[in-house]
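The task is simple: from the sequences and hints, build the whole structure.
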Amino acid sequence: MSKILDQLPYLDAAAMLAFHDEQIPVLAHHIIVWVSIGLRGDFRLAENSPRIPAILDTGNNFGFSIAADQLGRWCGLQPQILEVLGPIFINRRALPRHAADVWLYRNRRRQRDTFRSVPPFRLELRDGIAIYPAEDLVPAPRLPLLGLRAIDENSLRCTINGEQRTVSLSDTKPA
Amino acid sequence: VVALLYVCRYREHYHSSGYVWQGRKRVLAIQEVADDRISIHMTEVGRLPNNVADYGPQAGACDKLTESCGSNRLLPEQGNEMALTIYLSPEIEQQLRQRAAQIGRDVTTLAHDLLQRSLNKQPTLDEIAAQIPPGIRRSQEAYWRDLPQLLSLKSGKRQWVAYHGDERVGFGSTSAELFQECMESRGLKKEEFYVDRLEPRALPPWEAEAIDAPFPWSEATFTPSENRA
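Protein chains in written order, with our numbering: chain A, 5 to 179; chain B, 12 to 240.
Honestly, the hints are just simulated from the structure, not real lab data. Fair warning: this is a prediction, and the values are worked out from it, not measured in the lab. Think of the CB as a built atom: it goes at the ideal place given N, C-alpha and C, for glycine as much as any other residue. Fair warning: there could be bad hints in the mix.
Just the calculated beta-carbon pair ranges, DEER-fashion [as the list claims (entries may be wrong)]:
#1 B/Q191 with A/R77: 56 to 64 Å
#2 A/S174 with B/E202: 33 to 41 Å
#3 B/S196 with A/T163: 36 to 44 Å
#4 A/T118 with B/R156: 33 to 41 Å
#5 B/S196 with A/A50: 19 to 27 Å
#6 B/E202 with A/D117: 13 to 21 Å
#7 A/A18 with B/S100: 26 to 34 Å
#8 A/S159 with B/T119: 48 to 56 Å
#9 A/R77 with B/D177: 37 to 45 Å
#10 A/P123 with B/R156: 31 to 39 Å
#11 A/I164 with B/A213: 21 to 29 Å
As structure tokens, then:
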């Protein structure tokens with residue numbers, strides 16, 4: 005069993021997250037994790053893969069969703085290079101699901117934005133990731149969403165400690 | 012768009028603000044089901060009864076055809092969803108069901124799809140499904156066909172399976188193993204094969220599952236101290 009998120013803290017007040025040249029508002033009780041998007045099936049994440057923030061949203065019943073704009077600006081990936089696996093209906097909007105893996109960074113204990121030197125954990129998502137098209141009438145989430153299905157599908161164990169305001173996540177499979 | 016224009020005009024005429032549908036019932040009647048869109052007509056029929064389910068001769072005839080038109084952009088002051096129930100006349104409903112049967116689609120999904128195409132230019136479910144590379148789609152169909160038998164084969168080393176068209180390439184404990192097998196050992200391109208878990212699926216991989224992500228409408232913007240105040 006290996007630790008992925010080690011008592012990762014979340015805040016009970018709104019704050020700003022500095023990322024690239026942007027200041028991203030983070031609301032109270034948003035669990036911010038850091039991820040990279042990789043081509044599906046790669047054994048290792050490319051070294052130059054950008055690390056981007058996402059919200060761990062256990063109320064979301066999909067694996068991972070992101071706006072095309074964020075995918076392009078933050079990850080340097082265009083949806084066209086990720087194969088379409090099928091459609092999905094999110095909040096009654098038809099969105100494409102693209103083949104991709106999500107790599108979740110392992111934080112240092114009780115620190116949200118610093119990381120251990122071990123490789124990130126690859127979340128294998130059978131249905132890929134949902135991408136909100138640019139210029140959609142319905143706005144995409146402000147930050148990418150990592151949903152409960154990603155935790156479930158990869159047999160991870162998630163503990164939210166409301167007393168300490170931390171989240172721990174571990175892989176239940178033997179290393 | 013129709014809804015937005017109506018709200019603007021109504022507010023201007025009555026010098027009012029707020030949610031124009033509050034306390035009123037608006038019925039969207041479907042006028043015509045075409046191959047690529049549904050034409051709708053909206054009429055006001057009076058005060059909203061307490062129990063909306065009791066209203067109208069066709070109430071409940073097509074309960075699932077409730078189109079959510081609300082969004083932060085359409086109704087900025089409200090910030091919540093607006094549910095509009097669309098009632099179908101028996102003729103139109105029959106037309107829709109026949110159309111769905113002809114093309115092998117679920118009637119509710121087809122109605123959603125056609126409505127969506129009428130209201131905006133975003134791709135429909137069918138258009139997205141058409142973007143699946145043919146090699147992946149053929150492999151998905153083979154996977155879906157075999158899945159009931161595959162489930163009994165699941166083990167620690169058989170967590171994932173890969174298909175190349177009708178051919179089962181093999182099993183693996185990770186999807187990465189199978190991508191390596193397909194691409195490096197067999198020289199396949201990513202758009203020629205499909206890898207999925209040995210887990211039950213409610214729907215074929217090329218069909219759309221309905222997901223209800225509570226974002227962004229349920230995003231709480233207050234802090235705990237404001238909440239207490």
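- Taking each numbered hint in turn, which are not upheld by the structure, reported in ascending numerical order? When the structure is compared with the hints, numbers 1, 4, 6, 7, 8 turn out to be violated.
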